[in-house]
Amino acid sequence: KNQVEQSPQSLIILEGKNCTLQCNYTVSPFSNLRWYKQDTGRGPVSLTIMTFSENTKSNGRYTATLDADTKQSSLHITASQLSDSASYICVVKGGYSTLTFGKGTMLLVSP
Amino acid sequence: DSGVTQTPKHLITATGQRVTLRCSPRSGDLSVYWYQQSLDQGLQFLIQYYNGEERAKGNILERFSAQQFPDLHSELNLSSLELGDSALYFCASSREEGPQRAQYFGPGTRLLVL
Numbered sequence: 005k006n007q008v009e010q011s012p013q014s015l016i017i018l019e020g021k022n023c024t025l026q027c028n029y030t031v032s033p034f035s036n037l038r039w040y041k042q043d044t045g046r047g048p049v050s051l052t053i054m055t056f057s058e059n060t061k062s063n064g065r066y067t068a069t070l071d072a073d074t075k076q077s078s079l080h081i082t083a084s085q086l087s088d089s090a091s092y093i094c095v096v097k098g099g100y101s102t103l104t105f106g107k108g109t110m111l112l113v114s115p
Numbered sequence: 069d070s071g072v073t074q075t076p077k078h079l080i081t082a083t084g085q086r087v088t089l090r091c092s093p094r095s096g097d098l099s100v101y102w103y104q105q106s107l108d109q110g111l112q113f114l115i116q117y118y119n120g121e122e123r124a125k126g127n128i129l130e131r132f133s134a135q136q137f138p139d140l141h142s143e144l145n146l147s148s149l150e151l152g153d154s155a156l157y158f159c160a161s162s163r164e165e166g167p168q169r170a171q172y173f174g175p176g177t178r179l180l181v182l
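From first to last, the protein sequence lines stand for chains B and Z. Using our numbering, the letters of the first sequence map in sequence onto residues 5 to 115. Using our numbering, the letters of the second sequence map in sequence onto residues 69 to 182.
Worth double-checking, as some hints may not be accurate.
Said to hold, decoys possible - Here chain Z is said to cover these stretches of chain B; the calculated rule only asks that three of the stretch's residues, wherever they fall, bring their Cβ under 8 Å from a Cβ of chain Z:
(1) 47-54
(2) 105-115
To be verified - Straight-line distance between alpha carbons at most 30 Å, and here's what the computed DSS-like set of lysine-lysine pairs gives:
(3) 61/B - 75/B
(4) 21/B - 61/B
(5) 61/B - 107/B
(6) 5/B - 97/B
(7) 75/B - 5/B
(8) 107/B - 77/Z
(9) 77/Z - 125/Z
(10) 77/Z - 97/B
(11) 125/Z - 75/B
(12) 21/B - 75/B
(13) 107/B - 97/B
(14) 61/B - 97/B
(15) 5/B - 107/B
(16) 97/B - 125/Z
(17) 21/B - 107/B
(18) 97/B - 75/B
(19) 5/B - 125/Z
(20) 107/B - 125/Z
As the list claims (entries may be wrong) - If you want the ones that stay clear, here's a sample from chain Z, every Cβ over 10 Å from chain B, calculated:
(21) 72
(22) 128
(23) 149
(24) 163
(25) 171
No wet-lab data here; the hints were simulated from the structure. Ideal placement from N, C-alpha and C gives every residue a C-beta, glycine not left out.
So here's chain B without its partners, still in its complex pose:
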């Protein structure tokens, strides 16, 4: 069964600190992995998309990594800002355009 597990479930960090969110998946076959940021009450916004051959991708202060061998991805946020407070969702696209969503990590950046 295709699954995407994210950890931690929630996280509180101080403004300016770095953090890393984890995503483990068992989706097969694998097409790509996406990280989304979802502010409360709003639609998700795409941060990064990575295919099998890519092992790192950056978008400003967000850097995603992918290890296709171990089926793990991480999202690293550098120098966190209050506006980074949101839910971060890992999504894996498999065969036949199937999408498997993680339940998200709720990040709170505290002043």
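For chain B, the structure is supplied; the task is to place chain Z on it using the hints.
Here is chain Z on its own, set in the frame of chain B:
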């Protein structure tokens, strides 16, 4: 603003009723996706249309149906509503079907079934 619009923003209805949610994709986007997000389940993919044709199906109940019209807007029909159907329903669009295409999400329709 993603360019994807959804109406209505909020909807309150009773069990057993039927509702229609509407989505207009970004200009030029051919693919439309529907998602359900409830507090305990996270985002669940329901169905995808590409240029008017159904392309992929996820965890969509038989009571739910969708279609994409020639002008590329899409509607999600929910019938025989149950309390558990209360959720945020998101529509997303993308230009094509390529694996690298990002999906742009609309603001969602919040459905409350009483």
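Checked hints:
Only residues whose beta carbon comes within less than 8 Å of a beta carbon in chain Z count, and the region 47-54 of chain B has 5; three or more means the coverage holds. Counting residues of the region 105-115 of chain B whose CB lies closer than 8 Å to any CB of chain Z gives 4, which reaches the minimum of 3, so the coverage claim holds. A distance of roughly 16 Å separates the Cα atoms of residue 61/B and residue 75/B; the hinted pair therefore holds under the 30 Å criterion. Taking the CA atoms of residue 21/B and residue 61/B, the gap is near 20 Å; set against the 30 Å cutoff, the hint holds.
Straight-line distance between C-alpha atoms of residue 61/B and residue 107/B comes to about 22 Å, which keeps the hinted pair within the 30 Å bound. A C-alpha spacing of about 14 Å is found between residue 5/B and residue 97/B, which places the hinted pair at or below 30 Å, so the restraint holds. In summary, the hint linking residue 75/B to residue 5/B is supported, as the alpha carbons are separated by about 14 Å, within the 30 Å threshold. The suggested pairing of residue 107/B with residue 77/Z holds, with an alpha-carbon distance near 23 Å, which does not exceed 30 Å.
Proposed proximity of residue 77/Z and residue 125/Z is supported: the alpha carbons are some 24 Å apart, at most 30 Å. Of the pairs offered as hints, the one joining residue 77/Z and residue 97/B holds, with about 28 Å between alpha carbons and a cut-off of 30 Å not exceeded. Distance hint between residue 125/Z and residue 75/B is fulfilled; the C-alpha atoms sit about 24 Å from each other, no more than 30 Å. Between residue 21/B and residue 75/B, the direct Cα distance comes to roughly 27 Å. Compliance with the 30 Å bound is thereby established for this hinted pair.
Taking the CA atoms of residue 107/B and residue 97/B, the gap is near 15 Å; set against the 30 Å cutoff, the hint holds. Restraint check: the Cα-Cα separation between residue 61/B and residue 97/B comes to about 17 Å, which is no more than 30 Å; the hinted pair holds. For the proposed pair residue 5/B and residue 107/B, the alpha carbon gap of about 16 Å is at most 30 Å, so the pair holds. For the hint pairing residue 97/B with residue 125/Z, the CA-to-CA distance comes to about 13 Å; that is within 30 Å, so the pair holds.
A threshold of 30 Å between alpha carbons decides the hint, and for residue 21/B with residue 107/B the separation of about 24 Å falls inside it, so the pair holds. Distance check on the hinted pair: residue 97/B and residue 75/B sit about 13 Å apart at the alpha-carbon level, within 30 Å; holds. For the given pair, residue 5/B sits about 16 Å from residue 125/Z by alpha-carbon distance, which is consistent with the 30 Å threshold. Between the alpha carbons of residue 107/B and residue 125/Z the distance comes to roughly 20 Å, so the proposed pair stays at or under 30 Å and holds.
Residue-level check failed: residue 72/Z sits 7 Å from the nearest beta carbon of chain B, not beyond 10 Å. No beta-carbon of chain B is positioned within 10 Å of the beta-carbon of residue 128/Z; the least distance is around 13 Å. No beta-carbon of chain B is positioned within 10 Å of the beta-carbon of residue 149/Z; the least distance is around 22 Å. A cut-off of 10 Å between C-beta atoms confirms that residue 163/Z is not in contact with chain B; the least separation is 13 Å.
Distance to chain B contradicts residue 171/Z as a non-interface residue, since its nearest Cβ pair spans about 7 Å, not more than 10 Å.
Violated hints for the displayed structure, listed by number in ascending order: 21, 25.
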